[in-house]
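4 protein chains.
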Amino acid sequence: MELKEKAFKSVSRKTRQEDTVIDIGGGVKIGGGNFTIIAGPCSVESEEQVTEIAKNVKKSGAHAMRGGAFKPRSSPYAFQGLKALGMDYLLEAKRATGLPIVTEILNIAHLGLFNDVDVIQVGARNMQNFELLKELGRTDKPILLKRGMACTIQELLMSAEYVMSEGNTKVILCERGIRTFEGVTRNTLDLSCIPIIKAASHLPVIVDPSHATGIASLVAPMSYAAMAAGADGLIIEVHNDPENALCDGDQSILPSEFDAIAKKLGKMAKIFNKNM
Amino acid sequence: MELKEKAFKSVSRKTRQEDTVIDIGGGVKIGGGNFTIIAGPCSVESEEQVTEIAKNVKKSGAHAMRGGAFKPRSSPYAFQGLKALGMDYLLEAKRATGLPIVTEILNIAHLGLFNDVDVIQVGARNMQNFELLKELGRTDKPILLKRGMACTIQELLMSAEYVMSEGNTKVILCERGIRTFEGVTRNTLDLSCIPIIKAASHLPVIVDPSHATGIASLVAPMSYAAMAAGADGLIIEVHNDPENALCDGDQSILPSEFDAIAKKLGKMAKIFNKNM
Amino acid sequence: MELKEKAFKSVSRKTRQEDTVIDIGGGVKIGGGNFTIIAGPCSVESEEQVTEIAKNVKKSGAHAMRGGAFKPRSSPYAFQGLKALGMDYLLEAKRATGLPIVTEILNIAHLGLFNDVDVIQVGARNMQNFELLKELGRTDKPILLKRGMACTIQELLMSAEYVMSEGNTKVILCERGIRTFEGVTRNTLDLSCIPIIKAASHLPVIVDPSHATGIASLVAPMSYAAMAAGADGLIIEVHNDPENALCDGDQSILPSEFDAIAKKLGKMAKIFNKNM
Amino acid sequence: MELKEKAFKSVSRKTRQEDTVIDIGGGVKIGGGNFTIIAGPCSVESEEQVTEIAKNVKKSGAHAMRGGAFKPRSSPYAFQGLKALGMDYLLEAKRATGLPIVTEILNIAHLGLFNDVDVIQVGARNMQNFELLKELGRTDKPILLKRGMACTIQELLMSAEYVMSEGNTKVILCERGIRTFEGVTRNTLDLSCIPIIKAASHLPVIVDPSHATGIASLVAPMSYAAMAAGADGLIIEVHNDPENALCDGDQSILPSEFDAIAKKLGKMAKIFNKNM
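Residue numbers (my numbering), protein chains in the order written: chain A, 921 to 1196; chain B, 921 to 1196; chain C, 921 to 1196; chain D, 921 to 1196.
A few of these clues could be false.
Which copy? The list can't say, so a pair holds if one copy fits it or any two copies do.
Unchecked claim - Below 30 Å or equal to it, Euclidean Cα-Cα: the simulated DSS-like pairs (lysine-lysine) are:
1) K1118 x K975
2) K949 x K975
3) K929 x K979
4) K929 x K1118
5) K929 x K1003
6) K1054 x K1118
7) K1118 x K1187
8) K1183 x K1194
Read the hints as simulated data drawn from the structure, not as lab findings.
So here's chain A without its partners, still in its complex pose (with noise of 0.2 Å):
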């Protein structure tokens, strides 16, 4: 089955040959020849815990740092994020580190919140959250769109559509895993999406190893693979104390194993051209 080009149009790499490349702050580009990582968090737990995650991840190699505020849970017992609090805290993690912040929104009322956070994320529940996408079209913002647990590939590409055709051209895609009968990971990861995608679109593909697999120990291979499927860059959560974490510990790295990955990746870069 052929993707249909017209319906992405601003995205279509008819429309614009040269690969996008979005610059989010403190020197830090994604697309292009780049290779970034954004490491963090799933949650903001604490000011200490998300600027020390933050330090390390840094040293380690990392361009940016993640970090939920609002967090997307299938339950309303869940723990729903440190919201305004947290983002405070992701601002000082910025100011410690210098690393841009990249942290989701859930609802567009909270975007004045957003005004230091230099890449919004929009969650795989809010791919098709075709109000929200189109508001963040009329901001400056890099956006950080998830692909939909059951969303096509065409239909993650209308998504991006949608935020392009009100203005904003910043967007960043993100592969994470899609809904299948395989039970053992928590997703299926389709790394065949990524050489699909840039051929079809000029914009950027990271893809997210930990929410796509669940599991600690995929999050090394998958990011390896992602490297060479041709994706962008990585999105991965890294905690300080896993067994703890408020949110997906299961899938959450070590700061050292982080830094195991990042060296593997720079050795890989040589052979896949890529800047880290």
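Chain A is already provided as a structure; the job is to place chains B, C and D on it using the hints.
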């Protein structure tokens, strides 16, 4: 795999044994021994269209009318609905027929336009838009919550819990097909979820055979199958001119076809002890 | 997505307009206006077991008896069936009740044991065992062809074509659930395939609610839904002692439950113009 | 969800800690620190074709040759392979190049034709043809067992157990894509199964990027990703004239493309500590 009932305690039949029966106005109830049919066009297109269809489906025995004024479309370039004007047309049809109105909300900021609406629909793409669910949980309107394309029964019940946890007990669940590898039908209608949900929860469950299949000729057999599987009702797309419908014409049936379906359901209702 | 009818020309309704009606012996027919119920245990366990169940289901109105002597099990260490001895027990039950026998073949080398069997079943795992299909196409036995767990409707019809292309026109199709992300039920019963297949092919289609759901309490509602969706019959697992069944006890119903289902189907048959 | 290791005890790494290394002849080994590449056409079409491709891929570093003589096709009217004649051509190519031969068996009755074959392939559609697996378990030939389109990792390992339980310890597993809702690629390559299987089992695992994606331009990135994910090798379709291939031309690459892939894999092998 068993359902984890603790995650949806308000929704669970362990908390409330009797069926929840929801009064949606105009003397129409959903749940308990009732079989309730909601019919109408995918999109509101004009005042004449919606009023004419409303009159027709009322004559055939429909209990409520559906029609979309705000349309969630995969493409930003597809028809997005008549919006506020469409809401006016729906309310006009309500005045003309007395039928309660069911229509979809995409953005909590539009809530003010829904004052005279009888049932607010949350579409499949927003089933895990938890911010929207929480806000709707603070209203006292009946909420029609559609199952997401790739959402499990467990997750559907947990999303209903989001609404109930904020105080709104009037939640109607809706199966509308899940995404599978089979591509002849638009989705795969999962009728076995009906007895599963009826055993696990006191909330009513209806079926949308139109979106589930995407094929007009399947609406009749899947409507009968839904009643036979134990559903509390149906939501069916009916259009006076499917070939020229602005949205989803392929799955819309004519008023005359709707009339035949309603008649046969009436006969079945006696065997299945349903009030129609 | 449309079916490609050229790939199953013998099976297609374009080639033969009238429903194929298959005489399976003992005065029992499948297809046309008939609604045919096949019932019995998953596995043949003893002569007494199979004969007792056969007598019971016959009293309730079953038209044929099922029972597995050769069992395809995911594990080599699970019970593999009584094999030749099981075949003897089945034939003994046939003599005792007059019910035609339906049983599964796993290996064409066993064909000699199937001389007195009335319907040879090809299980879901063998739906694309083309060598087996071709060999069965050279017999004159009715073939019950179950849809593979991950096979499309198109592929099911093409597998039926394998049998018909060798000369055997007696093919009965069977929907038994497809594999999806939903794990509460063992598989997802795809009832919308029934009207699709009935429109595209002249062959009869029956439904297996037991394997499709894996849950005994779902057998009744899914049986009713199958008739309502237009199926030509059912194949149901019935066991006199489900808790101690050697195979699939969770999805087996008691003879008394079968009796209640058969009675309700009898009432429905009048509305759906089916001979039972 | 955890794997249930008791169901595949011979296959489990709990039973045997060291990697199984399988000698497939001609000095070629699969497993352990080796990265083994099997290349060749989907179907054997002529003696010249298969020998020419064999010579080409050998020059580029392929360790073994694949080619189908018996072809499992969804349609009975599609090319079914050259059968015995195709086997002769394969063996001729083996004599000409010294490359071990990998080819698929569809019917145990054909086993006599496989005496000089080095690896017998069981295709995805036969992964749960347990009768075939048991018979192959009584041979001493290496068996290449492909994962079924809708089979879980658990089931793949249990099918390998069928072979091992009969005494044959030479089983090579192969991931070749699973069936999902995504239709741009033919299947969805599940690379995360590689580290899962490597942790749970001592058997080697290779990847088939050609069948998994169905798109020639994806073979290179998915081959690199497979090595990066920890695979023990690849099986790749190479054809000298893909546009006129009798089978699966869309996914076949040219010998020159294969050469470039092999070269880049050679560079990666140093980082991933693989012998090539």
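Cross-check of the supplied hints:
In this homomeric assembly, K1118 and K975 never come within 30 Å of each other (Cα to Cα): the closest approach is 32 Å inside a single copy and 33 Å across copies. For the identical chains of this complex, K949 and K975 are intra-copy neighbours only, at 20 Å inside a copy versus 45 Å across copies, given an alpha-carbon limit of 30 Å. Taking identical chains as interchangeable, the C-alpha atoms of K929 and K979 are never at most 30 Å apart, the minima being 40 Å within one chain and 44 Å between chains. When the C-alpha separation of K929 and K1118 is checked against a cutoff of 30 Å, the pair qualifies only within one copy, where the shortest distance is 15 Å, while the shortest distance between copies is 40 Å.
Only between protomers do K929 and K1003 lie at most 30 Å apart by alpha-carbon distance; the minimum there is 25 Å, versus 36 Å within a single protomer. When the C-alpha separation of K1054 and K1118 is checked against a cutoff of 30 Å, the pair qualifies only within one copy, where the shortest distance is 24 Å, while the shortest distance between copies is 38 Å. In this assembly of identical chains, K1118 and K1187 lie within 30 Å of each other by CA distance both inside one copy and across copies; the values are 23 Å within and 23 Å between. With identical chains, the CA atoms of K1183 and K1194 are at most 30 Å apart both within one copy (14 Å) and between copies (18 Å).
Hint compliance for this structure: hints 1 and 3 are not met, and every other hint is.
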